[in-house]
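**Student:** Produce the entire structure from the sequences given, and follow the hints as far as they go.
Residues per chain, in single letters:
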Amino acid sequence: MQDDDGQTLSTTSISAGLDYPGVGPEHAFLRDSGRAHYRGVTDADAMAALEVLAKREGILCAIESAHAFAGAFQWLTQQGDPAGRVVVINTSGRGDKDVDTAARWFSLVTAEEVAEAELVRAHEGEQA
Amino acid sequence: MNPLDELFARCREEGRAALIGYLPTGYPSYDSSIEAMLAMVEGGVDAIEVGVPYTDPGMDGPLIQAAVDIALRGGSRVAHVFDAVRTLSPHVPTVVMGYWNPIEKHGQARFAADLKAAGGAGAITPDLIPEEAQPWVEAAYAEDLAPVFLVAPSSTDERISVVGRTNRGFVYAASTMGVTGTRAGLSDRAEELVERTRKLTPLPVCVGLGVSDGTQAAGVARYADGVIVGSALVRAVDGGPEAVRRLTEELAAGVRQGRS
Chain P
1 MQDDDGQTLS
11 TTSISAGLDY
21 PGVGPEHAFL
31 RDSGRAHYRG
41 VTDADAMAAL
51 EVLAKREGIL
61 CAIESAHAFA
71 GAFQWLTQQG
81 DPAGRVVVIN
91 TSGRGDKDVD
101 TAARWFSLVT
111 AEEVAEAELV
121 RAHEGEQA
Chain R
129 MNPLDELFAR
139 CREEGRAALI
149 GYLPTGYPSY
159 DSSIEAMLAM
169 VEGGVDAIEV
179 GVPYTDPGMD
189 GPLIQAAVDI
199 ALRGGSRVAH
209 VFDAVRTLSP
219 HVPTVVMGYW
229 NPIEKHGQAR
239 FAADLKAAGG
249 AGAITPDLIP
259 EEAQPWVEAA
269 YAEDLAPVFL
279 VAPSSTDERI
289 SVVGRTNRGF
299 VYAASTMGVT
309 GTRAGLSDRA
319 EELVERTRKL
329 TPLPVCVGLG
339 VSDGTQAAGV
349 ARYADGVIVG
359 SALVRAVDGG
369 PEAVRRLTEE
379 LAAGVRQGRS
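For the record, the sequence lines run as chains P and R.
Sequential numbering of the first sequence, starting at 1, is according to my numbering.
Sequential numbering of the second sequence, starting at 129, is according to my numbering.
Since the hints were derived computationally from the structure, they do not count as laboratory data.
All values derive from a computational prediction rather than experimental measurement.
Check before you lean on any hint, since a few could be wrong.
Residues from chain P that face chain R, not an exhaustive set, calculated with beta carbons under 7 Å [as the list claims (entries may be wrong)]:
1. 5
2. 6
3. 7
4. 8
Ideal Cβ positions, reconstructed from N, Cα and C, are used throughout, including at glycine.
**Tutor:** Structure (structure tokens):
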């Protein structure tokens, strides 16, 4: 992602692992050769998919992987016969690393609790 | 004849090293950066590296990173770099120092043509390796511009030979395995690197990274054909054109003391 001067654009994503402005050569090749199709997913759609997976399947997936589920859900709703479709989704990562982000997103913690936790963490960091 | 070749021939006759000064275009504003570059000319710089501000300046330390960030946020564009070259090149040989992506995005042949039209003498590309630069090198040669690739203490003799065959003007020898920034002392590895490079190419060898005052410049001038100063000059910009001129005078005196 760059401007017309070739300057790198800044990015934002709820998923730290997707918060970068580039595309790797494998994905670029798969796209250009027509072997893969790519679609965009919003933070809100990804987190909604994460919630569905947690509640329905008891699987806490990474927010990166939640984008794949959101993309698959998006695709399925565009099919005439979604119930008859078999879809394989690669759950590429686990979500225990993302519980802080999810807790804030779903308002499971208050702003005061977040601030307090960060203070404790900073204090522990000083001692370490 | 490329202006860099004339410069190094003259320095050789005078028995001294050349002083090459770097400043980024647009720091702290376009007009101020031009004033600072002209102050370098007044102070006796032999050649100027006009910096192309870039969002991911991988070879630069915190000082230059912060400066180019200010330049970019102030709206510094690649077009301004050509304007700067146009202003400076009537005074001293002027090269651009730029990371690869803005050059590629601009179009390699178009960048070379625009640089030549502005009076530029060449381009230093710190994040491009000569083995993968054939279209750019051909575009530069076609405009009689000097493509300048870098060597470092970690470079193999094979790489140094490729750089020596590909470059025009001079070889940029990075003194340390690090980023730009002022340093208290320069390692012995810089001199070893220059000696090793000399055995592999007849081109002048200029040392960059870490030189900040006249004493250090004299130390490097003892063994190198050119001394490249960046961060110290960028820091001097904060003191205004007069501070840039004074530091340049000190450095210019340094490169003349090295071999006396």
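**Student:** For every hint, state whether the structure bears it out.
**Tutor:** Going through the hints against the structure:
no.: 1; hint: 5; result: 5 Å, holds
no.: 2; hint: 6; result: 3 Å, holds
no.: 3; hint: 7; result: 5 Å, holds
no.: 4; hint: 8; result: 4 Å, holds
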